[in-house]
Structures are given as structure tokens and as C-alpha cells.
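> The primary structure of each chain is shown beneath.
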Amino acid sequence: MVEWLNDIAMGLSGAMEWGVFLAALIGVAIGIIIGVLPGLGPPVAISLAIPMTYSLDPLLGMAVMLGIYKGGTYGGSISAILINTPGTPAASATVIDGYALAKQGKAGKALDIALYASVFGDAFSIMLLCVIAQPIAAMACKFGPVELFSLLFFAMTIIAGLAGKSMAKGLISACLGLAFCMVGIDPVVGLPRFTFGATFLEAGINVIPLIVGLFAISEMMQQVATGISLTGGMNIAGSSRNPEDNHATLADIKRCLPVFFQGSCIGAAIGALPGTGAATAAFITYGVAKKRSKHPEEFGNGALEGVAAPEAGNNAVCGGALIPMLTLGIPGDVVTAVLMGALMLHGINAGPSVFTEHRVFVFTLFGMLLVSILMLLLLGKIAVRACRRLAELPQVYISTVVILLCIAGTYAVSSMISDVWLMLLFGVVGFALLQLDIPLPPFIIAFILAPKMEQSLRQALLISDGNPIVMLTHPISAFFLFLALFAIVRIILANKKEMKMRQAASATA
Amino acid sequence: MRTYYKIKLDLWFGIATILFSLVFAVSILSIEVVIQGSAVTGRTFPWLVACFTFILGLSLTASSYKELQGFRGEPGGNVYNKQQLNKIALYLALICLYVLGISFIGYMVSTAIFVAALLIFFGYRKKVIFLSLVLLLPVLMWYAFSQLIEVQFPEALLF
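Chains G and L, in that order, give the protein sequences.
Residue 286 in my numbering sits at position 286 of the first sequence; the count goes up by one each step and never skips.
Residue 121 in my numbering sits at position 121 of the second sequence; the count goes up by one each step and never skips.
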């Protein structure tokens, strides 16, 4: 306990160093702006930030990216409340009651509650991360290759199963990610494979062109297809003459406090579960809050709890998703997968060993996350006033700058134009997969987890002289495989039920 | 509610997945086995992935085929029409030309041309802002990447 407190204190003092502090502050500010702008979300922003921060110290780079993650998750609520357009998918549930409140002239009140709920959810999950991460990592350190492979297999099954509507499609997406990751040098024997004679592929496929292509380029292509707005003509919902409607009162906060807590608990738990994400958390917390409310009829017509619950939930996902990433090396959602890729580029492998190999780094990150809670509160207060006009910015400016950043940013990582071509290729692949309703998160998460998965499988089979039964004779491994099997059966049964319902509906149509 | 078109797309994607897994499996054979007779080689994991992909492709194809039989719902259609797809193709062509431009003409000049082309493509008409963007964005981008994070852009004909 004393050692833990010392580590946290060390982390806090590290986070107060001006470089880290400034980086986090810039990250949170950029994140809020990105969150406010509809169409751009934390995954795109962070994937663009990786090449921009590549030359910086890993700690500074992570401070910027984690700041964007937190700020971006909150920022989406501003445009959701003001212009009825969620800046990020995570803010989709906030629209329902947030915009209804804004139409009643209570935009200020809704924005305040969204901010307090976000800060509460964020603080709750970060504290949870600080408390439980190290014990989980210590336990995971005892895992051998057999257990690690089964754990990764289980995580990938869950991610693929929950990411889209069809488990088969999710798993195919994961398999594609695994296949693309194998291009390059064999990690064990050091010989090239799947390079087909192309020398630029011998170093393997860089994670940056893949992420930027799959997220940013495919998103840009979709925007081009649907039409880029040249003017910002959306109506901003107004304010009221009654000063009480323009900010949240102490009574409002008191009323929403149980919802803050409930949303934070659910959000952190969902965040820690691989493959879900902030949007799911927001809708679940909204549903739970409505169910437990004494006045469920107010939901949808401007209930403050309807803003508080999803905002506490989606922001609590940030800290929750970092738990499996830092302790087990398994990303909880797309953003943490991108963050894990960024860490890999800096030579830091997220997982249980990170607490021993990069102790100062991890605790400084914790310190930075704790300090950035206050940054979110402060910058959020400013953003509520300043971002009203930003939410109206025409898409044409954003799209032009984003595509320039994608190309220059991807080139910046390796100074190779071939990476830019790869990025474009993955952009087209991503766009095609989206049209086929193939979820992209399993692709990226599998791409990032593949080396660890292959290495642990090969080690496990070498230990057992090629006998795969070893996966079942180790109790922890057998437990994870059983869980994976259970999850597969549950998801398949649910899908079958849905398909039968669809067939019945089509038969009656 | 899934449409006939969507299910048909799934069927084709399932077939494409099967073909991908087969091509992938064939290319596994080109991986050199360093230690002959060893139970675990560089081919082990790729084999596993290829088999798994094949099974999944087969399952998707079969389930989509089954769903198509006797389907009486809406026929549906492509999410994007031909005009929108042409727009995407033109957008990609512009990007490809820009990337080629960076290699052969130079970063600043090709960025200025690309920004102008992109704004025209989007239908932007405000002259003053148009000119400001064409002139300022290349300089800002070049300064941010070349000077602040010291990226060496390819040496080309012009600047």
C-alpha cells in the first residue's frame, strides 16, 4: 500500500512537469475540439496524432493521445446538445434528452450536467484503474504462453462477437487482421513471409498506414459520397432568459449524483470488457437510468438524468478500457487498440510486464490521467462557451485539412511514400468492409494482438512438443477456452434467434 | 430489416473469404521451414488462420444462401448510387495524383495544386477563402512537418 502510494505520488510529480502537463492540456483541448466537430472522433484524431507525436518522448506522445481520448469522448456531447448531431458515436444517447433540453432553452444546464457527469465518470474510472491495474498485472505476470494464448483467443472471440451484428463477419474481420499482420519477417526464425518479393513489405505492414487508412480515409470516402457541407447552416438551440436555466444548480447536481455514480460503475465495467465501447456504454446507462427513474416518462422530453447517465457512462469507459490494455495487453476498444499500436511504435509492449519494465512511465501516465481530470473540468467549462460556433464549421475545411494530415502524417512515420500507398489501399479496404457491414475494430485489434498470439502459440506448442491438448490441461487456459466456447455459443444462439425473427418478419411482409 | 441485396452481398463476401483463405493457404507453402521435422514452424499459425478463415467463409456463404432461399422481403439496392461511386473514384484519383506529385513535383507545389483541386471538387466558391487556403495550407503543413517534426519530404523537381 505504502509502495503504491509512493508510486502514485511519483506519477503525480512526473505529470506536473511542464512538458507532460502541457502535452496533456493540449491533448484535452484538441480532443474537445475534435469531439465537437461532427464526423471526426477520437479514433481518427488519435491515429492522426501518432505520426505527429512520433518524434516526441513516448510519455509526451501518450499524454497528448490520452488527452484527445478523454477530451474527444466528452466533446461529442456539446454538438449533441447544441445542434442535435452527436460529435462522436459515444454521444448518440446524449442527443435524446440533451437536445430536448436545449430546445426548451436549457442548453446551458444540459451542457453543465454533461460536463460534470463526464468529469465524474472519468475520475471514477481513472481511480479504479490506478487501484486495480497493478494487482491484475501482477496476477497476469504468472501467465505462461499457454494461458496467454487462451486469454488472447478468448478476448478476440468476444471482440469479434460483439463488434458487429454477425459473429461470422466479426471473426472474418479478425482473421483478416491476423493475416495482414503476418506479412514481413517471421518473428522467430527471421525469414521473410508473404512479401511476394516486395522489399518494402519485409519490415511488415506498419500500423500507422493501416489505422489511418481504415479509419480516416474510409471515413473521408464516406463523407465524399454523402456530400461535404460547404456552409455551417445548422441551428444552434438557444438559451433562456431565466438565469437558472443557463447553468446547473446545486440541486440539479444533487439530483443527478446517483445517476453519475451508477453510470460510472456501468461505464467502467463495460470499458474493461473487450470489444464493447463508449457508444454501447452510453445506451446501456441511459436505459438503466430510465428504468430506475421515478419519472421515466420525462426521458426523451428533456430529463437531466438522461444527459447525466450516458455522459458518465461513456467517459467512464476511457479508464475502464485502459485496464485490460495496460494489465493484459488486450485493448478494450478501438481507441485503446490504436493507443497500443502507438506504444508498440515506441518500443513499449503493453501488458503485465509493463509495470516492471516501464514502471515510472506507467505511473506517470496514471498521474497524468489524474491531473487531466481537472483539465477536463476547466477546459470543458471554457469549451461550453467557445465551441458553439465551432460546431457549425463547414465540413469542407475539416475534410481538406484531415486528408492533408493523413498523407503527411503517414509519410512522416517512416519517410517512405510506399506507406502512403498502403494507407490508401487500406482506406479502400476499410470503405469496402464498411459497405459489407464488416466491423473494423476486430481487424485492427487482431492486427495488433497477432504477434503476441503467434508467439505464445508457438511457445506453448514447443513446450508440449506440438501437442495442442496442453491448452486444456492447464486449468487457467482451459477456463478461458471454456469461456470463449460459452461466448461463441451464446452469440451464435442470439444471432440465430435474430435471424429467425427476421425471416418471420420477411415472410409476413 | 435486411434486404435481398444485402444478403446477396454477404453471399459474395463469403465466397471471397473462401477464395482468400485458399490463396492464403497456397502462399503458406512458400514459407521456408528451417528445422525439418519440428512440430512447430513458421507455417503453424498461418495454417491455423487459413483454416479458421475458410470455415468462417463457408459458414457465411451457407447461412446467406439459406437466407436467400425463400426470401420475400425488400429487394433493396446499393447504399451509394453510380454518381456517388464516381465521386469517390474521382476523389481517390485526386489523392493518387497528389501522392505522385509529392514524389515528382515537390510537397509545397503539389499540396497547393491538390488543395485547389479538392476545393473545386467539393464545389467551394468563396474566392478569398479559396485563395487563402491554397496559399496558406501548404506553407503551414510544410512548416509543421518539415520544421517542427523534421520530416524530410522527397526531393523533387520543384519545391
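Be aware that a few hints might be false.
Here chain G is said to cover these stretches of chain L; the calculated rule only asks that three of the stretch's residues, wherever they fall, bring their Cβ under 8 Å from a Cβ of chain G [what the hints assert, rightly or not]:
| # | segment |
| --- | --- |
| 1 | 6 to 17 |
| 2 | 75 to 84 |
| 3 | 87 to 98 |
| 4 | 114 to 120 |
| 5 | 147 to 158 |
Quick caveat, the hints were computed from the structure, so don't treat them as lab data.
Yeah, the Cβ is synthetic: ideal placement off N, Cα and C, and Gly gets one too.
> Does each hint fit the structure? Answer for all of them.
Status of the hints after comparison with the structure:
Coverage of a stretch by a chain is defined here by at least three residues with a beta carbon nearer than 8 Å to that chain's beta carbons; for the segment 6 to 17 of chain L and chain G the count is 5, and the condition holds. For the segment 75 to 84 of chain L, the proposed coverage by chain G is satisfied: 3 residues have a C-beta within less than 8 Å of a C-beta in that chain, meeting the threshold of three. Chain G is given as covering the segment 87 to 98 of chain L, and this holds because 7 residues of the stretch bring a CB closer than 8 Å to a CB of that chain, at least three being needed. Only when three residues or more bring their CB closer than 8 Å to a CB of chain G does the claim for the segment 114 to 120 of chain L stand; here the count is 4, and the claim holds.
For the segment 147 to 158 of chain L, the stated coverage by chain G is satisfied: 6 residues place a CB nearer than 8 Å to a CB of that chain, which reaches the threshold of 3.
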